[in-house]
Structure formats: C-alpha cells, structure tokens
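Construct the entire structure; sequences and hints are all you get.
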Amino acid sequence: MAYVAIADRDHHLHDPDTFVTKYIWSQDHKVIAIQYGSVAILVGLVALGLSLLMRLQIGFPETFSFITPYNYYQFVTMHGMIMVIYLLTALFLGGFGNYLIPLMCGARDMVFPYMNMLSFWVYLLSVIVLIASFFAPGGPTGAGWTLYPPQAIAEGTPGTDWGIILMLASLAIFIVAFTMGGLNYVTTVLQARCRGMTLMRMPLSVWGIFVATILGLFAFPALLVAAIMLMLDRVIGTSFFMPALLSMGSETGNDGGSPILFQHLFWFFGHPEVYIVALPAFGIVSDLLSTHARKNIFGYRMMVWSIVAIGALSFVVWAHHMYVSGMNPYFGFFFATTTLIIAVPTAIKVYNWVLTLWRGDIHFTLPMLWATGFIFTFVHGGLTGLFLGNVTVDLPLSDTYFVIGHFHMVMGVSPVMVLFGAIYHWFPKITGKMANETLGRIHFWMTFLGTYAIYLPMHYLGILGMPRRYYAYGNTEVLPESGVIANQSITIAAIIVALAQMIFLINVFYSLRKGKTADPNPWRATTLEWQTPETPPKHGNWGPKLPVVYRWAYDYSVPGASRDFLPQNEPPRDEARAPA
Amino acid sequence: MLTALLIAMLTGITIWWLLVQRLKVKPWLEQGVVSGSQDSLTSSAPKVGLWVFLAMVTSLFLVFIGAYIMRKDHGHGGGMHAWMPVDEPSVLWLNTALLVLASVAMQHARGRITANDIVAARRSFAAAGVLTLLFLAGQVSAWMSLSASGLYTVETPAYSFFILLTAVHGLHLVGGLVVLGRAARRMWRADTSNAVVVSRLATSVQLCTTYWHFLLLVWLGLFWLLMST
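Chain order of the listed sequences is E and D. Our numbering puts the first residue of the first sequence at 1, with every later residue one more than the last. Our numbering puts the first residue of the second sequence at 1001, with every later residue one more than the last.
Since the hints were made in silico from the structure, they are not lab data. For each residue, glycine too, the CB sits at the ideal point set by N, CA and C. Hints may contain errors.
So, partial list: chain E residues that the calculated Cβ filter (under 10 Å) puts toward chain D [said to hold, decoys possible]:
id: 1; residue: Y114
id: 2; residue: F135
id: 3; residue: G139
id: 4; residue: W162
id: 5; residue: I165
id: 6; residue: T179
id: 7; residue: G182
id: 8; residue: L183
id: 9; residue: A226
id: 10; residue: I236
id: 11; residue: F240
id: 12; residue: G257
id: 13; residue: T346
id: 14; residue: D555
id: 15; residue: S557
EDC-like mimics (lysine to aspartate or glutamate), calculated; alpha carbons at most 20 Å apart, straight line [unchecked claim]:
id: 16; chain 1: E; residue 1: K516; chain 2: E; residue 2: E437
id: 17; chain 1: D; residue 1: K1072; chain 2: D; residue 2: E1155
id: 18; chain 1: D; residue 1: K1072; chain 2: E; residue 2: D255
id: 19; chain 1: D; residue 1: K1026; chain 2: E; residue 2: D255
id: 20; chain 1: E; residue 1: K538; chain 2: E; residue 2: D17
Computed footprint of chain E on chain D; a stretch qualifies when at least three of its residues, placed anywhere within it, have a C-beta under 8 Å from a C-beta of chain E [as the list claims (entries may be wrong)]:
id: 21; region: 1063-1072
id: 22; region: 1148-1159
id: 23; region: 1208-1216
Put into structure tokens, the structure is as follows:
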C-alpha cells in the first residue's frame, strides 16, 4: 500500500471564520506562535524591568529606599525564572517552533492543532499564576531561580507564605503546557513532512527546535518531580528535602530530608534546560548565516550530529552546577570531564559557522548583523564556560559575578541576538511588511556594544571575588574602588540597553502599520516557508497543493546555476552540478 | 545518581542510534524526490504522539524512582530517622491482580474491535474501565490502612514516598480513564456500519491499550521496588 503522508491526506482543514476562532481560540500554528511570542515578550519586559531594579541597587546602594533586601531577592528570583523559562523557552519553542516547523516541513499545520491551542492557553495560565505571586501576601518568592531548599520554604526567605506555592504551581502548569506543545513539535517533524522532505533535508532551525523539544520532554519531568516534592514539603510538612532544622528559634518538625537531592533533581533538569534555549538558537543562526552569506552551511551533517550530541551529552553534565555543594570530589571530576567533552561539538559548530562565512557573499542585512553578533558573544560566553567547567577554577569563581557574566553571555545575550535576528529575518513573512532598517541598526549597535559594556566588567568583578545574590556589600574590603565604579558603569549601560529595546518595540509597531510591503521572498532564501503562495501565509499554508521537495535546504551559490539560490521545492533541471 | 546516569545514557544512546544512521546520506548531492523518502515510521501521528508521551512519562517515573533510591541510601540523620521501610498492606497484591486483569480486558477489546465485533469490544472495554476503578479504590484503601496503623507520619520518608509514587501512578490512570470514558461514549453511540468510524474507534482502543499496558509495567516496577525496600 502506497504510503500517504499525513500532510497529504484528504482531511478537511476547517477554516476558521469568526474573529474569535481566527485570532483568539485559534488552532492555526501561526496564530498560536504569535500568541506565544507576544505573551513571552510582554512578560520578558517585566523581567527586564526587574533587572533594572536590581542594577539600581547594586550600582547605587543606599540610594533607593524602596529597594529593600526583602524585595531585592524577589526581583532576582523572578527575573531569572521569567527570563529562562517564561521568555526564552516559550519564545524559542512555543513561538518559533510553532511558526516554523509546519512551514519548513511543508505541512499544513501541526498534527494535533487542538492540543496546540490548549498548550498556549495553559502557558498563559502559568504566566498569570506566576504574576499573581506579585500580588499575593508576602509577595513572590525570593529563593533565587534555583529555589534551593531548605531556604526556599524556610522563614526568612521572602515569599514563603504564598510566593513559593504560586511559583511551584506555575512551573507545574508550564510543564503541562510544554508537554502539549512538545508532543506536537516532535510528532509533526516525525510524521508530517511533505513528500521529498527527508530528515536530512530539513533546515537546521527545525533540527535545533526538534532536539530541544526532545530534551525538554526528558528533562522537565525532573523539575516536576522536584516541584511536587518541594510543594509537599511546604504544604503538608513532608521531609523530602528538609533536614532537621531550627527556624526562628524553634524546630520545624522536619528530619532526614536531603537538600542535595533537590539540587540533583533541579540541575538534572536545569542543564538540559539551557540547551533547550541554546539549541534552537544554534539551529536558527545557521539558517540566518547561510541565507545572508549566500552560502550553504558548512558541514551540514556535522551540524546535525553536533546538535544531537550536545543534546545527549547535556544529560550527563548537570553536577557542574554543584561543585561547591559538598558532593564527592570524584563526582566533580567526572562531571568536569563530561563538561569539557560537550565543548567539542559546540566548538565544531562555531568553526562551521565561521567557515560558512568564509568566502561567502556576505550581505550585512539586519538579520546578518545579529547573527554575526551571536558568534562574537557566544564565543565569549562559551570560553568563560570552559573556565567554570573545571572544578578547581570554579571553586573561587562559583557564586561570583563571573558566573553571572558567563551565563548572561551564553543565554541572555547570544540567544537573544538570534531572537532579534530571527524576528527581523521572518518579519516580512509573518507580517508582509519590511522592518525599518535604520531603527533596526540603531537597535543592533546599542544592544551589541551595550551588552559588552554590561557583562565584560562582570568577569573582572568575579575574579575580584564579588559574590552574587548579595543585596549590598557594605563598607567591607570585598569591593575595591574599581569594583564600585564597575558596578556603576554596568548599571548605566544596563539602563541604556534596556531603552534600546524600546527602539525595537517601536520598530515593530511602526513597521506593522507603515512598513514597506514585503516581497514574498525578500532574502531570496531556499527554505520552504518562503515559498508559500501568499505572504503572510493563509490558513493551510500551501493552497490546494502541498509542496514537493527536491533538494536540501542550502543550495546557495550552486556553481553553474542561473540564480544564487535554488528553493527546496524547485524541480531539478538537467544542469550538471560542478564537482565539489 | 546511578539511575539518573542510566537515564542519561539511554537517552543518549537512543537518540544517537536513531540519527547516526542518517549521517551516511549526502543531502547536498541528492536531487529529485527521494523515493521512500518518508523515513518516518508508518504508524499514524496519534500513535507516535502517544509513544513520545510515554517516553516522557517513563522519564518522570525514572526520576521519581531515582529520588526514592537516593533518599533511601543517603538518608541524613541516622538513628531514629534512618530509613524506616513501610510495611506494605497485602491489598496491594489484589490491586496488582486487578490491574493485570484490566490490561487483559483491554487487549481483548483491542482484538475484538479489529475483528469488527463491536459488541464484545464494548464489553471488554467497559470491563477494563471498571477493573481500573477497582484498582484505584484498592490503592486508596491501602493508603487508609497505612494511615490508620498510626506507625507513620508525613515525616517518615518511606511513607511519603509510598503515597507519592502510588498517587502519581494513580493520577496517570485517572487521566487514562478520562480518555477511556470519552472513547467509550463514542463506542456506544457509534454507527457501527460505517467503516471509517469503526477504524477510528479501533485506533482509540489501540492507543488506550498501549497506555494501559505501559501503566501496568510501571506499576509492576513500582510494586517490586516498594516491596523490596
């Protein structure tokens, strides 16, 4: 029996016809993607504001009386949790995953559209529950995004009344949403590719999101387990994580619990989580570089292998977050080894990105600027990771600003550069308009230079020994004059970079209304999403006939071809390919 | 620790194996529609979706089990609060038997619906649901008998873990029962002469059966673990 792909089957795609079914209770992956993206960016702006409050305190202590130690830790915690999970994970997977996967695979929609729609609304619920903690008695939790017990639920930490409960509940709800979305992404990639689209012809954007989703499906359960057990410890007084403890002068009644168990569970999730953020960025940036340099990605197979290898290895490095936890030093040795091993496929990817640009026909378009910015900032952040991955070097650097500099560079700066590059790149497809170039370039340069101004000095501060998660440093000798000045300049830079993001928002709204109407394929890209009959694509994406794919996603500047790109769905002619 | 390592290794190996085969192709050389290019599995999307979901649930239970083992072996505070094993109530054996029967009934329903015998399929499907409900009732009775014995408090980790592990398993069964209920409703109202309708029902029953067998395996694993520690 001839195999009929899901995407080809005759099932009737119900076209939505009311405003509500088109834009609110929509099952169209493109609408869901925009819903995810909008909520993620909105809540990300809240977290950006929180970071400014933090910086005001660190840069200018004893100046702002409304920032107290109590709410400072709440800002720290909520900033971290929102950024990592509710912005980055939701935007890369829920936003870009939803938009790109069906289009790049040649499908009409995700394979489970109803569940896809539910996943967004459950995600929104998780955000609401999280934000509700700001308004609960005692405010949000101030336990740090890592939520370590016993402090997370012991009195003295902010938010132990309601904040921690709402946080844990919100995480559990998010995990449900992620599961529903994740099942869609994985199953659509496996089952709904159009004819001719083999796995090895998929663009790397899809590979990155696909492997990241698989990571999430295996890693989020660890967070769920930790959250459930911490919730039980808080609400009914079990002792999964709580040791015998004196709190405020009296015994808590717990005994026998293991805080280290929480750390293992959390980081077993936490490390794959950072790759859940990074891998889609790796995939997308490969496509940006390739398209705007008019050159095939260098070493496509190794890029795929590296994504898979990084994903698999990410499960065996978690305890490099626990070198100072008091665990067996031999474990530290093991995890340092695996951490250094995981640097190998990552480095291979960096070489391949650079080699893609080598002798390419580079067009410094707006997306290319951001993609290049990614390479610089990621190399920077990755190198500092090598320092931290070694146990001995990590001992003095752990919990200092060196670590903050490192993880912001690899998670906050470089993937965000990819996000902006991706938004400018796909803006014409999503909206039918071109984003304003001038505003975009100002946004880029302010952000690129500004984030260096913020995070470079932090490495110096870390080596000085400036600890993280401190409200103030007082009149101790910990911070020399140079450190105080560094903190002030970081704060000023942070304010400027935050303002620069407003330029981006202005650009988006301005261009939506007054932007130049876009060509259907303004970047002359090969991937399928640019070959839709309408721009923006309508419900069902492809019109009456699904595309058929004849080639891989990187036929740029093919020798002997008449144009410098060959779309994936363009049938082959009899032109002989020049030998490699 | 070892469990976590095991999961990680298995994950790595599975993904590696699945994909390293693909690396022999040279996608930049191939042109034209590659025949047999759908190297996806020929099962349907709902089946693939269920298997991916089951992989995730496996990960969940493995992490819970890992936490249990870690807590058992490295319990802090020796002496009075060293690991005190729970004396499992004997009703658990009955519950296990009920769940096995539920799986058997499911499998029977699956066989009957494939053979187009809707009436028998309906009966077995419903029996599976009832047996599962009895299993859940038995689990609750086990909890009540443990609580009534007065030997354990929430602080006893073995007891908390017992409740937690059985509750998580039970909740997954409840979720399955919701799906089963909806499928059963469709089965009773179905126009059984319509082949498309029957084939859709068959898919639902197949998916439910896979899920039930999976949860039975999970239960057998948990049961063995709880009894032996």
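(request) Hints the structure violates: just list their numbers, smallest first. (result) 1, 2, 3, 4, 5, 13, 15, 19, 23
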